[in-house]
Amino acid sequence: MKRLLFALFIATPLFAQDAASILTRVDAARNPLTSFSVEVQLTTNAGESSKFRVYGKGSDRSVVEFLAPASEKGKFLLMLRDAMWIYLPSASRPIRISPLQRLMGQASNGDVARTNFMTDYNATSVATDNGEWLLDLAAKDPSIAYARVKLWVDKTANEPVRADFYVVSGKLIKRAHYHDHGRRVEIEDLLRTGNTTVMQYSSLAARENPDKMFTKDALGKW
Amino acid sequence: MTSNPLVTLEGVGKDYRLGRVRVRALDGIDLAIARGELVAIAGPSGSGKTTLLNIIGCIDKPDAGRVVIDGADVTATPLHRLSPLRLHTLGFIFQTFNLIPVLNAYENIEYPLLLQKLPGRERDARVRRWLEEVGLAAQSKQRPDQLSGGQRQRVAIARAMVTEPKLVLADEPTANLDSDTATHILDLLATINQRTGTTFVFSTHDAALMQRAQRVVRIKDGRLDAPAAAQAA
Amino acid sequence: MTFKLAFRNVLRNRRRSAITLLVIVFGAVGLILFGGYKARTFYALRESTIRGRIGHLQVFESGYSKKEAQKPLEYGLDDVTSLRKSIERDPRVKMTAAQITLMGLISNGEKSETFIATAVEPAKDHAMNNQRVTAGTDLPANESDAVMLGAGLAKSMHAKPGDYLTLMSTTTSGSLNAMDVRVAGIFTIGVKEFDDRAVKMPIAGAQQLLNTTKVEKLLVFLDKTEDTSAAHSAILGKVSGIEIKEWSELAPFYHQVVALYNGIFGFLGIVVFAIVVFSVANTILMSVFERTREIGTLMAIGTSRSRLRAMFVTEGVAIGIIGGILGLTLGALLAALINRGNVMLPPPPGYTVGYRLQIMLQPAVLVTAFLVSFVTATISSIVPALKASRMKIVDALGHI
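Taken in sequence, the protein lines are chains A, B and C.
The C-terminal position of the first sequence is numbered 222 in this note's numbering, with every residue numbered one higher than the one before it.
The C-terminal position of the second sequence is numbered 233 in this note's numbering, with every residue numbered one higher than the one before it.
The C-terminal position of the third sequence is numbered 400 in this note's numbering, with every residue numbered one higher than the one before it.
To be clear, the hints were calculated from the coordinates, so they are not data collected in a lab.
Relax, there's no trap hidden among the hints.
Cβ pair distances, simulated, as ranges:
hint : chain 1 : residue 1 : chain 2 : residue 2 : range
1    : B       : 63        : C       : 364       : 52 to 62 angstroms
2    : C       : 12        : B       : 80        : 23 to 33 angstroms
3    : B       : 148       : C       : 282       : 28 to 38 angstroms
4    : A       : 128       : C       : 65        : 51 to 61 angstroms
5    : C       : 266       : B       : 148       : 56 to 66 angstroms
Glycine included, each C-beta is placed from N, C-alpha and C at the ideal position.
Produce the entire structure from the sequences given, and follow the hints as far as they go.
What follows is the structure, encoded as structure tokens:
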């Protein structure tokens with residue numbers, strides 16, 4: 001009894017620390033560089049394929065350059081914390097994408113892929129599930145896309161293995177599987193069964209991305 | 001020439017254009033008509049007698065000369081401005097009667113008085129008087145198409161007289177009547193002339209009418225016969 | 001006397017006058033029937049738009065229309081209950097209905113489509129009677145997750161009553177949300193573009209999806225449309241922090257139809273007017289020529305030009321009065337007959353159902369028809385009257 005109590009007593013603060021540190025290490029593993037560029041090959045189960053280059057700075061700013069297919073080449077996407085902008089070569093200025101529009105198409109997967117667990121979520125519990133950490137994460141802010149995330153983390157590598165994304169009503173709508181040290185991410189759309197998207201990351205390199213690159217006015221001009 | 005003739009024409013001329021040809025209807029007419037006269041203007045058809053009558057009656061304008069009616073020189077006045085003169089001072093009787101078909105005898109006679117804006121009671125008195133004078137009291141409610149030629153002309157005479165004009169012009173007043181009726185009409189006109197002193201000017205080629213006239217003015221090819229020009233009453 | 005002459009002259013040539021009157025009556029009857037049809041159409045469209053869709057007034061949170069909302073319902077109404085209580089105290093108000101409009105994706109598990117939803121209070125929406133239910137039922141009173149689908153959308157989702165679908169949208173704070181819903185029924189309003197995207201859901205369901213207690217607007221229905229302005233000011237006098245739109249600002253389609261019909265009928269009216277003017281003028285002109293000698297006589301015996309003109313214009317006026325009265329009577333009679341009959345017209349633009357021909361008889365239309373006949377006949381007589389007064393006496397007298 002006393003041992004149990006003692007265990008409980010030290011477990012609680014330990015848990016809080018642990019969750020936060022786990023998250024930190026997870027994010028560090030996923031985003032090792034502060035300013036970087038990386039290539040992404042995206043394939044859907046329907047056989048569609050596209051290629052991008054992502055320029056990132058920090059945890060909440062990135063610019064996506066569409067490389068392939070030819071029909072998409074020349075488009076740019078600017079993803080900031082609260083807003084997303086798209087630049088189309090045929091338009092004179094970038095267009096803001098509303099949160100609603102982000103529901104559709106690959107923008108929603110973009111949201112999933114760049115979820116920043118450390119900054120946006122608080123761990124409400126940590127458990128062990130099948131030899132992996134299972135963190136229950138609650139969004140810190142009501143404006144964050146997914147209200148709740150369940151995250152499975154590999155204990156040794158501190159890398160995410162799987163994440164379940166829930167909306168405000170509690171419905172599970174996306175699931176991400178992380179492979180190959182985060183170089184391959186499979187995202188399942190649970191509302192449209194059978195729809196999966198695979199994102200393959202390559203050529204990750206450090207790059208000096210100036211701040212002004214992440215403004216909508218700069219989009220498409222370089 | 002009396003010092004105060006009712007009608008004075010001096011050197012009056014009138015041209016008509018017939019296609020490209022200019023026809024001289026009247027040329028150098030000098031004529032004076034005294035008050036109370038009964039004058040016949042006689043001549044063959046085409047002689048210009050109707051034109052002369054029209055100019056005296058202020059329904060046509062001369063191209064040359066002067067026209068003075070009742071002391072007023074009307075030569076330069078446009079015809080439509082002479083309506084009041086025609087209404088108050090002149091009276092007309094036509095060969096074809098020219099009554100208003102939708103009005104009955106009484107109303108036809110009453111018409112000029114309405115133009116004169118005479119009050120109702122006086123209008124009625126005058127119309128009835130003239131219906132009597134021309135002997136048509138019984139036919140007052142009849143419309144022209146219900147009257148004989150002679151009766152229609154009587155209505156026309158009453159209409160011309162009802163405004164108590166100084167001068168009455170009649171263009172071949174008996175030409176459309178049979179000889180008996182014509183005689184009656186002429187008698188009527190002569191009587192009125194004597195009784196009221198109204199000046200009458202006829203145009204005619206009827207010998208009987210010429211006989212009833214105090215003076216006959218002859219016209220031929222637009223010119224007066226010399227004696228007429230020099231005539232004085 | 002002028003009138004006596006005028007009327008007698010009108011009766012002089014019965015047949016010709018009859019034809020002239022016929023033309024005027026034709027014009028007057030046309031005005032009455034077209035005008036009445038147009039009035040009825042406007043009335044019906046206005047009332048159905050108001051009572052079936054937009055209400056007489058719509059109440060919003062102050063700032064709704066001017067400021068740019070970054071998030072859904074940023075300018076939504078907070079406390080609808082006390083607002084509506086205050087409004088419903090006005091005896092002119094028939095009922096109020098809260099609504100939210102929102103967009104999102106609807107999915108059947110295999111594909112998603114965009115939807116545009118109107119979230120309503122089921123009982124109030126039922127009272128608005130604005131849809132035809134083609135399958136299933138109306139929105140049930142207290143199931144917050146039952147929805148109705150537009151016919152086109154149901155087809156695209158391969159959905160029938162009883163099926164479950166998922167709605168996705170963003171909450172008022174901007175995060176994603178999804179909700180499973182049961183299809184209660186399928187409806188159509190007769191406009192294909194609408195039916196292809198439409199969802200009708202209970203307000204409670206929308207509030208769940210948007211994660212809010214606000215509503216977007218409050219529709220206010222009055223007993224009489226004429227009270228709209230007065231009710232508008234009355235509400236603004238009682239409540240603050242709101243802005244109100246009147247139905248007229250919210251019914252562009254109605255205004256387009258009004259403009260279209262007015263344009264068409266206006267053009268027709270001008271054509272008819274021209275026909276009547278020319279016909280009547282022609283008839284009076286013929287009458288003038290026939291009476292040339294008479295005109296010469298009248299001028300010779302002292303009738304002034306203006307008097308003569310007045311004579312002919314009065315004839316025009318006389319015909320106008322007779323024609324106007326006849327036209328009015330005939331028009332009213334025909335309208336009554338048509339209204340009793342069952343002539344069906346094809347559907348107007350944007351609708352799929354036809355309707356029964358009805359003529360609305362308004363005093364304004366009748367008076368206009370009479371005035372127009374009268375004015376037209378008078379105008380028609382002006383040129384002939386001028387011609388008559390300008391005749392040369394001597395030529396006129398010599399005319400056969």
